[in-house]
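Number of protein chains: 2
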Amino acid sequence: MAPHPLSALSLGETNLARDIVKDGYSDVVIQFRQILLHEPPKSQVTAFLDLEHAGKVTAETLRPERLALVTYDVIGGSKFPEYHESIIDLRERKRVGHEVVSADTHHGSLAIHEFETLVQVVQDSPLFQAKIQELALPEGFEVVVEPWPYGAPDAADGRKRLFQALIFARDTRSGNADSNFYAYPLPLIPVMDAHTKEIIRIEELATGGKGDPLTGKTHAARLLDHNAASEYVPELLPEGTRQDLKPLGVVQPDGPSFSVTDGNLIQWQKWSMRATFNSREGAVLHDIRYDGRSILYRLSMSDMTVPYADARPPFHRKQAFDFGDGGLGHCVNNLALGCDCLGVIKYFDGVLVGSDGTATETKNVICLHEQDNGIGWKHTNWRTGRAVVTRRRELVVQFIITLANYEYAFNFIFDQAAGITVESRATGIVSVVHIDEGKTSDYGNVVSPGVLAQNHQHVFCVRIDPAIDGHKNTVVQEESLPVRLDKRTNPNGNFYEIRKTEIATSAGLDAAPHNNRIFKIQNHSKTNPISGRPVGYKLTPPPTQLLLADPNCTQSRRALFARHHLWVTKYKDHELYAGGKYTLQSSLEVGGVADAAARNDDVLDQDLVLWSVFGLTHNPRVEDWPVMPVEIMQLHLTPADFFTRNPAIDVPSNKDLTSKQVMGDVTEAIACCKL
Amino acid sequence: MAPHPLSALSLGETNLARDIVKDGYSDVVIQFRQILLHEPPKSQVTAFLDLEHAGKVTAETLRPERLALVTYDVIGGSKFPEYHESIIDLRERKRVGHEVVSADTHHGSLAIHEFETLVQVVQDSPLFQAKIQELALPEGFEVVVEPWPYGAPDAADGRKRLFQALIFARDTRSGNADSNFYAYPLPLIPVMDAHTKEIIRIEELATGGKGDPLTGKTHAARLLDHNAASEYVPELLPEGTRQDLKPLGVVQPDGPSFSVTDGNLIQWQKWSMRATFNSREGAVLHDIRYDGRSILYRLSMSDMTVPYADARPPFHRKQAFDFGDGGLGHCVNNLALGCDCLGVIKYFDGVLVGSDGTATETKNVICLHEQDNGIGWKHTNWRTGRAVVTRRRELVVQFIITLANYEYAFNFIFDQAAGITVESRATGIVSVVHIDEGKTSDYGNVVSPGVLAQNHQHVFCVRIDPAIDGHKNTVVQEESLPVRLDKRTNPNGNFYEIRKTEIATSAGLDAAPHNNRIFKIQNHSKTNPISGRPVGYKLTPPPTQLLLADPNCTQSRRALFARHHLWVTKYKDHELYAGGKYTLQSSLEVGGVADAAARNDDVLDQDLVLWSVFGLTHNPRVEDWPVMPVEIMQLHLTPADFFTRNPAIDVPSNKDLTSKQVMGDVTEAIACCKL
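Same order as they appear, the protein sequences are chains A and B.
Per the numbering used here, numbering of the first sequence is gapless, rising by one per residue and ending at 1573.
Per the numbering used here, numbering of the second sequence is gapless, rising by one per residue and ending at 1573.
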C-alpha cells in the first residue's frame, strides 16, 4: 500500500533515500545529518484529501509525490566537508533536487555525532586538561563536558563551524552516576573547530558579582570549596522523598475514547487529524478537522530561541534555537508509561538517522492520551434546581525534549468544545555558571552556593496553517475599545466598540491585552447561519514579553521572529521555520518569518499562515533549583461563529461512579475504601 | 469547646445572634438579611495563632472575641423599613455595636425573599399582564420572570429601593420543566419598588439592530415566531448526547492525601489552612502556611462586577456585583458527588439565614479534592539517560455560584511547589435580549434566532492578605527592561535590566506584560540564605482588559476597583470588599479599595493587603450558546526566593500503576482490559 501523503517517512523509505543519495557519489565519505519527509505541494495534498474525505480514493487515485529531504556532508580529498541537500523522489527512486550550501552562506544543522566529537576532543585536549588542573578540583570530582551550539559567531570567528562546551564537575563519591553536576559549574568554555576537530581556544569566564569587571579571573584558587550538593534523584535527597502522598490513578475501564488507524489517523470526539514525527519539529499534526469540517491544514512547533542576558562575554553566545539548530531529534524523550502521562496511553515511534544514514526507530516519542480538565460547562436552572454539568475531556498529543540541562513538554490539546490549546511546559535545570563566594549579580540569581542561574528568555513560535472551511482565509484583528459618553450614541457611557481591522498585507502584529486584541481567522465566503458573521476561529495572542536584546545586536538579529507576537504570511510550500532554515551559528535570520512577511503579500482571502510567538522571561528563583517546577504557557484557538451552537452541548453529563465522598473529619488513619 | 477564631458561625451561634437582636426590639417586625462572623481584630487572632502554632493553646488561653454581624430591616408603625446593622458579642451575649443605615446613604444588600416578592408582584401585576397580552405569545408558552438587582439608579429614581426583572417565555409543550426559556426573551423590564411592593413602571425594550434608534418599539406583533428552541438538558437535545465518550475515572485507593480536622483545618502536602464559608464571599481561606511558614493570613473573592455594554436604555442598569449585592449565599451550588469533581471529595456545609433569622445548614457548598495536573518537574540526565519525573498534584478548594442565567466556579488551587492559583471558570447561559428577525447588532451577537447576547465584561477582584514570614511586608514591582548596546556595560547587546521599584504608598497599579511586570510581596526583615534576597512571593497580574465604560459614567464610578489590576493598601480590620460594603443600587463606590488606596498610607514594611483585579471582556460567540464552554482565568502566586530550593523536589516519582498502554492501531472494538 502506498503511504498516506501525510505520513512520516518509514524506516524503509528513509533507508531508500539514503541509498539513492549514496549511489550518487563515489570515492567520498557521506556523513548524514537529517532525512525528513519533504512534504508534497499543498495543492497535491488537498486534491488527495478532498477525494479521501469524499470516500473516493481508490488504488488508481493519483497520489501526491513522495519525496525525502536528505541533508549530509560530503567529505573527500583535501577539501573541507561540503554540506549538501538533496531531494529524493522515493517512487521514481531518483534525486530530483540538489544544492550545495556554502559555509559562507549558512551552516548545516548540527548532528549528534558532532556533539559526541566535541566532548571527546575537549576531554583529550592537553590545553583543557591544564586549565582543569589549575582549578584544583576537590578529591573525587570528575569533569563533565556539556556540548552546546556556538551561538552567533564574533567577527574574528569568520565562517568557521564552531561548537562550545560548558564545563561542570561531578562529585563521584556517592557512587551514583546521577549526582547533579550542575551544582559545580567551572569557569571554562572550550571552543572547537568542527572541521579540524581542534580546540581553538578556551574562554576563561568571569565569576564576579555586582560591580566587578565583565572579564577577568576573580575566582578563588579552589573555587568549588564553597559549592554544595544539589541533588534531585530521589535516592540522593538527604531527607528522602515525602511519604504522605497517596496514589491517584486514572482509570478508563472501557478503553480510550480515541481510535488510531492507518498508522497515524487519530479520531476522537468528532476530531480527526494525522500525527507525524520528524527530527526538525517533533510532533506535527495535519488535516485537523472537527465533525468533518476542516480547521487547520498543519500545526507545529516552528522554532524557539533561548537567549541569555549575562552581559559578560562570551555569554552572549549562549543562545539556543532548540528546533532550528538541529539537535531536536535525538533530544526527544522516549516517554515511559505511567510517568509522563496517566490513563490509557498510545505511543507513536519516530525515525532518526545516524551519521551513516541508517534509519533507526526511536520508541514512544509522541504520546496520546485523554485527560479530564474540570468542569466543561454547567448550568443550574434557578427555577427547578436542576443542574446539568459536564466534565471537560481533552485529548493530548505530547512530546518532550531534553536539551542538556533543560526540558520542554509540548502539548497539543483538543477539547470537546472544538478548542485547540498549544501548551509548553518548561522544566529541567536552569543553565548556571560559577559565581564567587558571597557575591550577587545583576545577571542572574544565586540559586546554590557558587551557582549563578543567569537571566534568560524562552521565545516559542507555533506555526498555524489554517484551513477554516477551506484554504482561502482572512485574518481580522478585533479590539474592544472605550467610547466616550455621548447623548446620542452612548447616553449612559456603558457602550464599548468592537473595532475590526482586516489584515490585508503580510505583517508582524502585536498583542494588546489592554484593548482585548484578538485575531480571528475567518473564511469570508461562508457565513454563520445564526449570527450572519463569517465562520472563523479566534486566536488570542499570549501577551508575553518579546525579545529584550538590543534590536541591533546579533542575538536579536538572528531571531527576528521574536519581535512580534503574531505574523501573518501568505502560504508558500516548505516555508516552515520561523527562524529560517539555518539557525545554527547564524548572524541574521534569513528565510524566516520576517522575510516571508516582508514580501508584502496580499493576505486577504488567501491561503495564509499564522505564526504565534510567545514566551517566558525567566529570571530564576531559588525555587527553580535544582530542577524547576513547570512553567506553563498556553496558546488558545477557539471557534468563533464557526459552529451553530456550543459544540460540546451534546457531551453527556453522566455521574462519574469512581468518585467517593469522605464524611466528617478526615485523618490519615482513614483509608478511602472504608468511607 | 470554644470555636476556633477562624471558624465560621455555627448554626447555634447564628441563631443566638438572631435571638439577641430580636430581644432588643418589641412591637416591630425584624426581617433578617445576613448573619456573618464579624472576624476579630487581626491583632487578637495573630496572638492566638502564634500560641496555637507553638502548641501552647490551653483552656485558659485568652481567645479573640467572638462576634456576629447581623444585618436586618426593622419594620414597624407607618415608617418605611429601616435598615440596621448590629454587632453581637456571642460570648457576652449582648449587642456591642449598632448602626442604622439610611437609604439616603446606602441600600442594604438584597435578600432572597425580595427576589421572591419581585417575581410574585410582577406576575400579579395587571399592567404586566396587559403588556404580555400585547405580545401574543404562541400557544403553550408560559411567562418567566427573572429577578435582577436594579443596577445604578437614574436621577428620577431618587432613593427608592428598586428591583428589575428580565422576562422570558418558556415553551411548555415538551412537558419538561427544564426547557430553556432563555431562547425566548421578551422585550419588557418591569421595575418594582421594594417598599411599596408595586410595579412602578414597565420598560419596553428596543429590539432593533444596527442603525435602529436606541429606544422605541420595532418588534413584530408575534415576536416569538422567529425564535427557536435551544435546549441543553440531555433529554431535550434533538439528536441526544454523543455516545462515544468512554468513562474516565480518578481512583485514590488509599484515600486522599489531605486531612481535615477540627472542623475546618485542612492539611495537605506541607500546606495548612482553615476554610470558612459565608454568604458574602463564599469560601474563604485563612492562615495559609507551607511547611509551618506563614504565607497568607486570608484569601478570598472580594467582589466582581458584570457591566453590559448595550447602549440602549435601560440596559446600562444591567450591572451585577455578584458578591457585594448580597444574593451570593443563596446562589451557591450544593455540589454533587461525581459531577462537579472527580476523585475523593470532602464537602463542607455552610450556614444561611432566612428572613426570620433562623439559621439553616446548606449542604456541600465547598468541595475539597486533589487533582493531577500533568508533569510537575522532569529532568533527564543526558549522560546516563536517567529520567526523573514527578506529577503535579494539586489541592482544590472550590465553590460554584449560579446567578440566574450564569455560573462561576471559583477554585483556590495549591500545588506541591508552594504555588497558589486562584481560578475562575465562567460558564452558564449568557444574558440575552430579543432582537428582530434578520437584524444584527453592534451591542452583541445573535446566538439563536431572535436572541441577542449582549457584549459585557466580567471583572473579578481577589483579596490577598499576605503574611510572608510575618505581617510586615513590602510590595516591590519588578520589570525586565531592554538596555542599549553599550561598549562598557552591554558590549554585545544581550543584557537586560531587572528594575525594582518599591511601592511606598497605597496605590492602584497596572499590569505591563510587555515589561514582564510582576509584583513581589517580600518580608524585608528576612533574607534568603542562598540568594541573599528578601524572602517573598511573586504575584503575576493577569493583563486582562480593565473596565471599558466611560470613567465619568455611573457603571464605571460604582466599580472604581475595576480601574487597576492591582491595589496595595494598608491593612485595616474589616476592610474586605473591593467594591465597598454597599454595592446594591450604588451610584459610586464608597469604602471600597479605591478609598482605601486614597488614604495614601505608608505601605513599606507594613501589614498590607493586595487586591488583584482581572477579568474577561466577553463578546459572545455563537459557540457560547445555549450553555457556554468554560472560560478559564487564573491568578498565580508563586514563591520567589521564599524557600531554599524547589519545594516539590521531594515529591516521589513513583510510576503510576493504573496507566495502560495500547499497542498498534486502536479501534473502537478494543476495550482497555484486553490491551
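Just so you know, the hints here were simulated from the structure itself, not pulled from any lab data.
Certain hints may be false.
Same chains, same names: a pair is fine if it fits in one copy or spans any two.
[Said to hold, decoys possible] Using 30 Å as the maximum straight-line C-alpha spacing, the simulated BS3-like pairs for lysine-lysine come out as follows:
no.	residue 1	residue 2
1	K1385	K1108
2	K1108	K1370
3	K1144	K1558
4	K1337	K1370
5	K1398	K1337
6	K1558	K977
7	K1370	K1029
8	K1168	K1144
9	K1115	K1095
10	K1115	K1144
11	K1115	K1261
12	K1108	K1424
13	K992	K1058
14	K1168	K977
15	K1370	K1115
16	K1058	K1029
17	K1385	K1337
18	K1385	K1370
19	K1168	K1029
Here is what the structure says about each hint:
1. In this assembly of identical chains, the alpha carbons of K1385 and K1108 lie at most 30 Å apart only when taken from different copies (17 Å versus 59 Å within one copy).
2. Taking the shortest alpha-carbon separations for K1108 and K1370, only the inter-copy value of 28 Å comes in at or below 30 Å, while the best intra-copy value is 55 Å.
3. Both within a single protomer and between protomers do K1144 and K1558 lie at most 30 Å apart by alpha-carbon distance, with minima of 15 Å and 19 Å respectively.
4. Proximity of K1337 to K1370 under the C-alpha cut-off of 30 Å is restricted to the inter-copy arrangement: shortest distance 27 Å between copies versus 58 Å within a copy.
5. Taking the shortest alpha-carbon separations for K1398 and K1337, only the inter-copy value of 19 Å comes in at or below 30 Å, while the best intra-copy value is 53 Å.
6. Taking the closest pair of Cα atoms, K1558 and K977 never come within 30 Å of each other, the shortest separation being 72 Å inside a single copy and 54 Å across copies.
7. Taking identical chains as interchangeable, the C-alpha atoms of K1370 and K1029 are never at most 30 Å apart, the minima being 61 Å within one chain and 49 Å between chains.
8. When the C-alpha separation of K1168 and K1144 is checked against a cutoff of 30 Å, the pair qualifies only between copies, where the shortest distance is 14 Å, while the shortest distance within a copy is 35 Å.
9. Within a single copy, K1115 and K1095 get their C-alpha atoms as close as 27 Å, which meets the 30 Å cut-off; across copies the closest is 85 Å, which misses it.
10. For the identical chains of this complex, K1115 and K1144 are neighbours neither inside a copy (50 Å) nor across copies (63 Å), given an alpha-carbon limit of 30 Å.
11. Taking CA atoms no more than 30 Å apart as the test, K1115 paired with K1261 passes in neither setting, with 46 Å inside one copy and 68 Å between copies.
12. Proximity of K1108 to K1424 under the C-alpha cut-off of 30 Å is restricted to the inter-copy arrangement: shortest distance 21 Å between copies versus 61 Å within a copy.
13. Taking the closest pair of Cα atoms, K992 and K1058 never come within 30 Å of each other, the shortest separation being 33 Å inside a single copy and 88 Å across copies.
14. Taking CA atoms no more than 30 Å apart as the test, K1168 paired with K977 passes in neither setting, with 57 Å inside one copy and 64 Å between copies.
15. Taking the shortest alpha-carbon separations for K1370 and K1115, neither the intra-copy value of 60 Å nor the inter-copy value of 41 Å comes in at or below 30 Å.
16. Taking the shortest Cα distances, K1058 and K1029 sit within 30 Å of each other inside one copy (24 Å), while across copies they are farther apart (86 Å).
17. In this assembly of identical chains, K1385 and K1337 lie within 30 Å of each other by CA distance solely across copies; the values are 24 Å between and 63 Å within a copy.
18. Taking the shortest alpha-carbon separations for K1385 and K1370, neither the intra-copy value of 42 Å nor the inter-copy value of 50 Å comes in at or below 30 Å.
19. When the C-alpha separation of K1168 and K1029 is checked against a cutoff of 30 Å, the pair qualifies neither within a copy, at 62 Å, nor between copies, at 46 Å.
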